[in-house]
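> Here is what each chain is made of, one letter per residue.
There are 2 protein chains.
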Amino acid sequence: MTELRTQSTAGRSPRGVPGTVRRPAERHEATTLLELARAEVDPVLRAAIASLPGPMRRIARYHFGWEHADGTPASGGSGKAIRPALVLASASALGGPGARAASLRAAAAVELVHNFTLLHDDVMDRDTTRRHRPTAWTVFGDADAILAGDALQALALRLLAEDGHRAAPLAAARLADCVIELCAGQHADTAMERRAPQEVTLDETLAMAEAKTGALLGCACALGALYAGASDAEVRALDAFGRQAGLAFQLIDDVIGIWGDPGRTGKPAGADLAARKKSLPVVAALTSGSPAATELAALYAAPHAKGDLEHTREDLERITSAVERAGGRDWAQAQAADRMARAMQELARAVPDPEGAGGLLSLAEFVTRRTT
Amino acid sequence: MTELRTQSTAGRSPRGVPGTVRRPAERHEATTLLELARAEVDPVLRAAIASLPGPMRRIARYHFGWEHADGTPASGGSGKAIRPALVLASASALGGPGARAASLRAAAAVELVHNFTLLHDDVMDRDTTRRHRPTAWTVFGDADAILAGDALQALALRLLAEDGHRAAPLAAARLADCVIELCAGQHADTAMERRAPQEVTLDETLAMAEAKTGALLGCACALGALYAGASDAEVRALDAFGRQAGLAFQLIDDVIGIWGDPGRTGKPAGADLAARKKSLPVVAALTSGSPAATELAALYAAPHAKGDLEHTREDLERITSAVERAGGRDWAQAQAADRMARAMQELARAVPDPEGAGGLLSLAEFVTRRTT
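Read top to bottom, the protein sequences are chains A and B. If you use UniProt numbering, the first sequence closes out at 372, no skipped numbers anywhere. If you use UniProt numbering, the second sequence closes out at 372, no skipped numbers anywhere.
Please keep in mind that the hints were generated in silico from the structure rather than gathered at the bench. We put the beta carbon where it would ideally sit given N, CA and C, even for glycine. Some hints here could point you the wrong way.
Chain B regions said to be covered by chain A (calculated; three or more residues, Cβ under 8 Å) [stated by the list, open to error]: (1) 139-146; (2) 152-162; (3) 185-193; (4) 333-347.
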């Protein structure tokens, strides 16, 4: 699963989907929605984690940023609660405050699933940093990180099984189905990274991004709709809204990963290129059939040279330029705009009243950094 | 999770709980119950696995022994269906044929959870053989084995979420809770294996075995009871029955792992000792305070020497003798008898009619190899 890279709305990169009409009020609204979601879901999450047996609890609390590795309290952020906020906003949009309040457990369950996948993905990808801290497997070992992830998945589905709401069984089935899609997405990602760049198609890269990133955002929206007693068509439309917004997010995240400001993203620009990641703009460039694509393929075939800083800088500049000249950046930005347009269509289908759809719109614009 | 080592009732080791009254008819009954459970649950399992995305499906089918690594059909056994048989037998004992038929999905869910833990445990323990075949991680890599395990857990809980039965939410919550206990048990096991032998207590070894092996057998029985509409007290008693029978099984399995016939167990006798495993008879011996315990501690402190067959044989003989002289074998057999007696008490509490309890009794005796 990809974590959102921005840490706050302040100082966000002005890059985004071209041609966006910016509404300053929305930024505040999304921030408020996220803060509210965090404040309301955290007690449910903390109570659920507190019910785990000692060692599993300790690893989970470390992962969430609530404790240091030695068990002392920490004040680190546990992420931005985008997914819980989407559950609550969907329930609110289609069912009002009552549905919103009823969907708190579902919001916590989605956040638990997200964090279970982060724990496991970090083990598989050998990622050493998460939310500016060493990943759980580097601190507790692979086995404990795998076990803590397993326990969080079980906890998520237990929360829904214990929820007396009539939507709970449908929500649980949908969340379990989403976990299976997330697994398939992570499998596709790791399998693609092992293949030669010229063997990877743009369609499969988009499908992978949808499974890995879009699926859980879509599921979050669908769960909120289920708790609001929405119709099948509304649930489907909100799922599609979340998926398309998730894809737009991933496209923009990949663009920022290449051209963005490292001070703002928390990740050095070019890290994806140095790792020869087959991100969406790169695959679009590689499959463009242009002379720059041939140049890029040759550059990507050579592993990144570490150590010589000057050489490293030149290598990354050459790759960045080739991706841009091959149209990777333009394609990604146009695709992101297209995905956001589709997301808006789906949102309008599920929630025709613009006032009611406001919260979901703000959150979608927040994740895709369309506001300044 | 520990797999049962016997492959069939025929040719089973006569070792078992001392003082057992053997009833020849039961062997047949247990075998029939297991065969019936396999035949009835397999279609549900296969349909569930068939719903997985391609790559996850392939790994799961390999793991279950239904396919070779290249995707061609295989006829390997997927285990003995002890846990599904316990679900069905419990439902039948307390609710008759209707409850038994209604609990099929729950039986499949328990089997999926069992197999998810096997996939993950094999990754963590670096075990290379499972059911006489290379483990999934050795064939598909760690990442795919972890992902397939994650997907099987989700599939198990989805089966229950989609089950319209009124017991399904309670069953799902209980199964999710059991997964958390299994994770804690596996954590305790891996943590104990890293510690010095003299630091491990018998109580924590028994607690670990209960969490790792007893919990899922207990959960299987509890789920069957829930589908039969049993009272809380009956559900608790059947859970305790399964747990105690699971502990008895583990004790006997550990005894056979040291003194058993390798041709019958599928695992060479002494493998646990060669790996310096802190199995129940070994910890009982180490904590006995006898001179043989001191001798055993010194032998266990030296890693097992590989290569020199003569030396290896002598090393294992010396350790085996020390465990026996320190009372590890007698203790384990007495404990197993005690646990089986407790299991029988719990069974009588939940199902007072001996006729109705017959199936569960046969299965408990089968797993602990009390019949010949």
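> For each hint, tell me whether it holds in the structure or not.
For each hint, the structure was consulted:
| no. | hint | in the structure |
| --- | --- | --- |
| 1 | 139-146 | holds (count 4) |
| 2 | 152-162 | holds (count 8) |
| 3 | 185-193 | holds (count 5) |
| 4 | 333-347 | violated (count 0) |
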